[in-house]
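So you can see what is in the structure, the chains are spelled out below.
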Amino acid sequence: MRKFGKLLAATALMSAAIAGSAYAKTLVYCSEGSPEGFDVAPYTAGTTFDASSKPLYNRLVEFKRGTSQVIPGLAESWEVSEDGLEYTFNLRKGVKFHTTSFFTPTRDFNADDVLFSFDRQRNADHPWYEYVPGISWEYFNGMSMPDLIADIEKVDDYTVKFKLTRPEAPMVANLAMDFASIVSAEYAAQLEADGRQEMLNQEPVGTGPFSFVAYQKDAVIRYAAHGDYWGGKQPIDDLVFAITTDAAVRAQKLKAGECHVAPYPNPADIESLAADPNLVMMEQQGLNVGYLAYNTQVAPFDNAKVRKALNMAINKQAILDSVFQGAGSAAKNPIPPTMWSYNDAIQDDPYDPAAAKAMLEAEGVSGLEMEVWAMPVQRPYNPNARRMAELIQADFAQVGVDVKIVSYEWGEYLARSKELDRKGAVLLGWTGDNGDPDNFLAVLLGCDGVGGSNRAQWCNEEFDALTIKAKQVSDIAERTKLYEEAQVVFKREAPWATIAHSTVFMPMSTKVKGYVMDPLGGHWFDGVDLDQ
Amino acid sequence: MIVPTFFGITIVAFGFVRVLPGDPILALAGERGVKPERYQELLVQFGFDKPIWEQYFTYLVNLFQGDFGTSIATKRPVLDEFLTLFPATVELALCAIVFAVLLGIPAGIISAVKRGSWFDQTTMGIALAGYSMPIFWWGLLLIIFFSGTLGWTPVSGRISLLYYFPQVTGFMLIDSFLSGQSGAFKSAFMHLILPTIVLGTIPLAVIARQTRSAMLEVLGEDYVRTARAKGLGQVQVIGVHALRNALIPVITTIGLQVGVLLAGAILTETIFSWPGIGKWMVDSIFRRDYPSVQGGLVLIALIVMVVNLTVDVLYGLINPRIRHQ
Amino acid sequence: MTDTQTKNIDQTVVKAEVRNAQLQMLNEFWHYFSANKGAVIGLVIVGFMVFVAAFAPWLAPHDAGHQYRDAFLMPPVWETGGSWKFILGTDAVGRDMLSRLIHGSRFSLFIGVIVVSISLTGGIIIGLVAGYFRGWVDTIIMRIMDIILAFPSLLMALVLVAILGPGLVNAMIAIAIVLQPHFARLTRAAVMSEANREYVTSAKVAGAGHMRLMFKTILPNCLAPLIVQATLSFSTAILDAAALGFLGMGAQPPTPEWGTMLAEAREFVLRAWWVVTFPGIAILVTVLAINLVGDGLRDALDPKLKRS
Chain A
251 MRKFGKLLAA TALMSAAIAG SAYAKTLVYC SEGSPEGFDV APYTAGTTFD
301 ASSKPLYNRL VEFKRGTSQV IPGLAESWEV SEDGLEYTFN LRKGVKFHTT
351 SFFTPTRDFN ADDVLFSFDR QRNADHPWYE YVPGISWEYF NGMSMPDLIA
401 DIEKVDDYTV KFKLTRPEAP MVANLAMDFA SIVSAEYAAQ LEADGRQEML
451 NQEPVGTGPF SFVAYQKDAV IRYAAHGDYW GGKQPIDDLV FAITTDAAVR
501 AQKLKAGECH VAPYPNPADI ESLAADPNLV MMEQQGLNVG YLAYNTQVAP
551 FDNAKVRKAL NMAINKQAIL DSVFQGAGSA AKNPIPPTMW SYNDAIQDDP
601 YDPAAAKAML EAEGVSGLEM EVWAMPVQRP YNPNARRMAE LIQADFAQVG
651 VDVKIVSYEW GEYLARSKEL DRKGAVLLGW TGDNGDPDNF LAVLLGCDGV
701 GGSNRAQWCN EEFDALTIKA KQVSDIAERT KLYEEAQVVF KREAPWATIA
751 HSTVFMPMST KVKGYVMDPL GGHWFDGVDL DQ
Chain B
11 MIVPTFFGIT IVAFGFVRVL PGDPILALAG ERGVKPERYQ ELLVQFGFDK
61 PIWEQYFTYL VNLFQGDFGT SIATKRPVLD EFLTLFPATV ELALCAIVFA
111 VLLGIPAGII SAVKRGSWFD QTTMGIALAG YSMPIFWWGL LLIIFFSGTL
161 GWTPVSGRIS LLYYFPQVTG FMLIDSFLSG QSGAFKSAFM HLILPTIVLG
211 TIPLAVIARQ TRSAMLEVLG EDYVRTARAK GLGQVQVIGV HALRNALIPV
261 ITTIGLQVGV LLAGAILTET IFSWPGIGKW MVDSIFRRDY PSVQGGLVLI
311 ALIVMVVNLT VDVLYGLINP RIRHQ
Chain C
5 MTDTQTKNID QTVVKAEVRN AQLQMLNEFW HYFSANKGAV IGLVIVGFMV
55 FVAAFAPWLA PHDAGHQYRD AFLMPPVWET GGSWKFILGT DAVGRDMLSR
105 LIHGSRFSLF IGVIVVSISL TGGIIIGLVA GYFRGWVDTI IMRIMDIILA
155 FPSLLMALVL VAILGPGLVN AMIAIAIVLQ PHFARLTRAA VMSEANREYV
205 TSAKVAGAGH MRLMFKTILP NCLAPLIVQA TLSFSTAILD AAALGFLGMG
255 AQPPTPEWGT MLAEAREFVL RAWWVVTFPG IAILVTVLAI NLVGDGLRDA
305 LDPKLKRS
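Chains as they are written, first to last, in the working numbering: chain A, 251 to 782; chain B, 11 to 335; chain C, 5 to 312.
So that you can see chain A by itself, here it is in the shape it has in the complex (with noise of 0.2 Å):
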């Protein structure tokens, strides 16, 4: 009975939609891949914040549209203590819930809101804490928030407090990101009421841009812009995701209408995307860096002057050609240029092959036989990792280095990786979650990444007293002074060959107005129209 009950409501739901269609507004969005799921917090991957946090749900505070600047979100205000262990958010009124064919909110948004957003997460003994066996809160651990977090409080209905174990100065910027979207506290409740817990990962509801529709799995997500939004009704009327995985087929798509906007080009169609004359191609340099990283405690990589002849040798010309199809720029710093700090002054290593043999040579280093590894999968930062090893392998053919290439399943390949005997060389990458250089920097090259985070298992001193000495200070010139300095160090004992960094590629159709690309890799569509 609740079936057909449900059925009745999507049918009436769908002539109201069908019966304005002609005027209606809909945005295609050929999205790469399907949700995991559509509670955002138990997840980490990009293409389901897509699909959850950006369209669904508000934060506390928000990213800037196009920036990473944090601005206001459902929190209009908030004051930190002296001490910096106390915020207090000062929630906005008059925020509405969705109003969908499964849930219709009797409340507004509200501190109960934020709570449970949180606690859930927080609290193994809360009875959301796991709503779907198996279920877990990836990010919010990763940030080491359970750490951070003391306590969080309700002041009042519309004031909620903080309390932290330590002074933390990218708080609120962490509060802007995904994991911490705020799900609606009554819709739970009722779900709990009712046993159907799961459904809060399957018909979500939040106080987003655009309200959930539908899903079929694999093949189609539907929203429909969210008419009681705070921020004021999309100017767009619905909005659907086409999941395409293949990016030929996107590109196609495109080509033929089907689609508005699609992520992710093949590097070899950007050309015959960008030549067609009913699409655009925006593009942003990406926040992020490919790199083959050395093992620099196992000889004779343990020698800086090896490592470097190494990165002499390389073509990155021809890896950006055919790797990337041009869709990069040459990386000579472990930082990408558009962020704060980054070291122009540096010159690169050059290409020379002739060179590097000799260096080698001086090194009493050679019939060197070695082994590069190359990730399995796809990257923001590394199109074809496949393909970037077997051109290095000829580049160190060149210089009489004889290499093998290796390839683990993902996982493997990261944990193996992550050996501090390892042989040979591994590609991998990095992209910036809140667009801070300490977020590179002593994350992948500090002493405190060695069997971890930092494959090249490189500790120097001097580079890591630079960035922990960067990360006290709270002057942004002082700092860019001491990351400016580490990427001198960095450059001159190359425990990385730098290779690229990508550039994110945005086709879309003309019809498109107002997309802004986000530096941080989401893709939002709140204040884009759509031309008739």
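No lab work stands behind these hints, which were simulated from the structure alone.
Positions of the beta carbon are idealized from the N, C-alpha and C atoms, including for glycine.
Each hint should be verified, as a subset may be incorrect.
Stated by the list, open to error - Sample of chain C residues with no beta-carbon within 12 Å of chain A, all distances over it, derived:
#1 Glu21
#2 Glu32
#3 Ile45
#4 Ile49
#5 Met53
#6 Val56
#7 His70
#8 Phe114
#9 Tyr136
#10 Met146
#11 Glu198
#12 Asn200
#13 Val204
#14 Met215
#15 Ala228
Unchecked claim - Just so you have them, the derived chain A footprint on chain C, three or more residues with Cβ under 8 Å:
#16 252-264
#17 267-275
We have chain A; now place chains B and C onto it with these hints.
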């Protein structure tokens, strides 16, 4: 006979998944990694810390309660995932079979009757080429030509996104028809054409060849000669006497194509972004989504078994020779 | 004395007669085989493929692995921008397509030979044992074969490769395991129908051991269907290996295996048709030729269809 095979299948599926290298927890965590203590917690949560026989026993008990486990990637029950995607695969497979039968049987009959003619030779040449076709490549070629160059057919998906209606049966052709929206059925149909051709190519070739050889055999038999001698017309002889008997082995062949179709669905669905179980299995294998791979293997093997059994029974029913024995 | 003499004479006569009969059979076989024009064409193509594979390093105009850094994705010679240097164009890292295709023929034939050898040997032994001993041995073996056959072949191969690790050798092992039950079943059925024939009984009476009975007495009489199945499996093996390569689980790049080449080329579907088209044609032609030969073999070996 079914029962031991079924247990064998569960053991194989369970065993395979245990020996798969790689780590789903690490693969999910990506470059960011996961802390060792958190990793231990997750191991316990997924039940990977228990002894292997205990894991199998729990798995078996759950299986009989209709619980095929929970997908690591989506955190949804594997059976649910399977059932939402299954109709798409069935629809595609049925269309492919219908396509193969509608073209293959007449082609086979005509070839047999006009044995040695140019029609026979061409048809059998094409059939053999179809039988030898790498269908993943065939799909790419069709997309390049019909969707790219000519723009006649949509590139991928099941129906144009303009149409939206609730899923009643899960079969897009039926649902689009029931929805009553003009153009919906046509759109669903157009989306089916290329995948149907790609998936139907090998069954078509097999059926055409099988029909031809079955017809040739029957046409040589005494009763057909007798019928001819009695002066019955060509159509009657072929249509009534020969065809009825020739079709029996053909039906078995069709039944045996189910496994072939499911294997072909893996490639076809991958190429056309068709949201079915073939693509889901490939994705799950790549993601190391253990419970999904395990559940999918058991369910698919069960389906193949049931279909084969049904074909056996049907064969017994329609084949008078077996019935008499 | 005379007894042994006659026996001796008899034996030479018998041997000669056997040889004659064998020659005659071969003649007859060739007669039927060559009557099938398709089969002869197929045989010629297969012969050509074997030739190309055998002399690949001499036939290929370039080193299959060499990357011409100034010629990424160069079109074939007849297209604008093409060059005689690269007759069929180059791939994404500037490797000559023609040379890669020529070297690829080695892999495909190699895959076919190895897979068929493994699955044929395995299948024959298993089938012989099951069909000869019957009883519980048979039940267990055949149940295992049923279980393997219950999974769609490509899915099974895919999972097996995922377990063993992607790569050409592992792909071949996986495909051999998947194809093997067909041989086992065929052998078992043939053995069971032969086992009660007079010649087997008389051999048994003469005191032949299990091994001799299985391999020397029964097996040669079951060969015809096995040969036909072997040709079919040869083409299936090539197709499945290519499919695995296409899904990224077969031979790993930069191996110039045709399926792997297709997988690498997939992103260029819209931009560089030649990198997609040629490997596919190579697979199709090879498999088609082998199937043509297979058809010819079946017609020539299967007495049922012979005179119809």
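Hints, one by one, checked against the model:
1. Glu21: Check passes; 60 Å lies beyond 12 Å.
2. Glu32: 53 Å, holds
3. Ile45: Non-interface label stands for Ile45 (chain C): nearest chain A Cβ at 35 Å, farther than 12 Å.
4. Ile49: 31 Å, holds
5. Met53: 27 Å, holds
6. Val56: The assertion about Val56 (chain C) holds, with a minimum of 24 Å to chain A.
7. His70: 8 Å, violated
8. Phe114: 21 Å, holds
9. Tyr136: 42 Å, holds
10. Met146: 34 Å, holds
11. Glu198: 47 Å, holds
12. Asn200: Answer for Asn200 (chain C): holds, closest chain A Cβ roughly 52 Å.
13. Val204: Holds: least Cβ distance 51 Å, greater than 12 Å.
14. Met215: 44 Å, holds
15. Ala228: Given a closest Cβ separation of 44 Å, the condition holds.
16. 252-264: holds (count 4)
17. 267-275: Holds: 7 residues of the stretch 267-275 of chain C have a Cβ under 8 Å from chain A.
In the structure shown, a violation is registered for the earlier hint numbered 7 alone.
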